[in-house]
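A.B. asks: Heads up: the sequence shown runs through residues 1429 to 1602, numbered per this note's numbering.
Hints were generated in silico from the structure; no laboratory data involved.
All figures in this text were calculated on a predicted structure; none of them were measured in a lab.
Among the hints, erroneous ones may be present.
Quick list of the computed label-pair ranges, beta carbon to beta carbon [what the hints assert, rightly or not]: (1) D1563 / I1600: 45 to 51 Å; (2) R1589 / A1533: 34 to 40 Å; (3) V1497 / D1556: 41 to 47 Å; (4) P1448 / K1498: 51 to 57 Å; (5) D1580 / A1533: 38 to 44 Å; (6) A1533 / D1585: 44 to 50 Å; (7) D1585 / K1498: 33 to 39 Å; (8) R1539 / I1446: 35 to 41 Å; (9) P1558 / S1518: 18 to 24 Å; (10) Y1459 / D1522: 24 to 30 Å; (11) R1441 / V1497: 45 to 51 Å; (12) A1573 / T1480: 26 to 32 Å.
We put the beta carbon where it would ideally sit given N, CA and C, even for glycine.
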Amino acid sequence: MATIITYADWKQRMSKVILPKWTELPNFDLYMDQVLLLINETLQPLGVDPVTAAMINNYVKHKVILSPVKKKYQIMQLADIIVISLLKPSYPLDMIREGIDQVTATGYPKRAYDNFITELVKRLHHLDEPVQVSDQDLSGSLTVAAAQLIVDKLRTDELMRLNQAHIKPKQIEK
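Construct all of the structure, not just a fragment, from the sequences and the given hints.
C.D. replies: This is the structure in structure tokens:
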């Protein structure tokens, strides 16, 4: 018999999600198959669609991430792929790249990535906490808003899935 997963179960699962900070990402070059394994294992607890080699090649082709050096990817590209994978369901690639560039313009990529991951994990662990944004720190507010967008998308997807499992649509009569 299949186990029925509730919204409370999903919230509990999200409260345990841990995403890697910059220093927890491999500090050595990876080939495509290693990148895919790492990224998909990292994002799997969130239930997002897996990343494919074709997707990463597309990011390179459209200059959303830097090209690999001798077919190897570095920590900067790994961080970008994680952020892109999380934001891609909500924004086109060029807007995501523009947002990353805006946030990293006022801080180092390591700091910007860590701030994003910290904010996202905080939002996942405290799903009902209100969002605070500030005119004083627009880059920080962009990070907060992007993290909340991801959480809202994950929550909406889960509620849709649960709703579909529990409610059978009625036929509209003509």
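A.B. asks: Falls inside 45 to 51 Å, the C-beta gap from D1563 to I1600?
C.D. replies: Holds - the Cβ-Cβ distance for D1563 and I1600, about 47 Å, lies within 45 to 51 Å.
A.B. asks: With respect to the beta-carbon atoms only, verify the hint that Y1459 and D1522 lie 24 to 30 Å apart.
C.D. replies: Holds: the Cβ-Cβ distance is about 27 Å, inside 24 to 30 Å.
A.B. asks: Taking the beta carbons of P1448 and K1498, is their distance inside 51 to 57 Å?
C.D. replies: The hint (51 to 57 Å, Cβ to Cβ) is violated, given that P1448 and K1498 are roughly 24 Å apart.
A.B. asks: If you check the beta carbons of D1585 and K1498, does the distance land in 33 to 39 Å?
C.D. replies: holds, 38 Å
A.B. asks: Given the range 38 to 44 Å, decide if the beta-carbon distance of D1580 to A1533 lies inside it.
C.D. replies: violated, 26 Å
A.B. asks: Does the hinted range 34 to 40 Å hold for R1589 and A1533 at CB?
C.D. replies: Once the Cβ atoms are compared, 38 Å apart, the range 34 to 40 Å for A1533 and R1589 holds.
A.B. asks: Given the hint of 35 to 41 Å, is the C-beta distance from R1539 to I1446 inside that range or not?
C.D. replies: violated, 19 Å
A.B. asks: For A1533 and D1585, compare the CB-CB distance with the range 44 to 50 Å and indicate the outcome.
C.D. replies: violated, 31 Å
A.B. asks: Starting from the hint 41 to 47 Å, judge whether the C-beta atoms of V1497 and D1556 obey it.
C.D. replies: Once the Cβ atoms are compared, 44 Å apart, the range 41 to 47 Å for D1556 and V1497 holds.
A.B. asks: I want to verify a distance hint. Is the separation of the beta carbons of A1573 and T1480 within 26 to 32 Å?
C.D. replies: holds, 28 Å
A.B. asks: Evaluate the given range 18 to 24 Å for the C-beta pair formed by P1558 and S1518.
C.D. replies: holds, 20 Å
A.B. asks: Take the C-beta atom of R1441 and the C-beta atom of V1497, compute their distance, and say whether it sits inside 45 to 51 Å.
C.D. replies: The hinted range 45 to 51 Å is violated for R1441 and V1497, with Cβ atoms some 37 Å apart.
Checked against the numbered hints given earlier, this structure breaks hints 4, 5, 6, 8 and 11; the rest are met.
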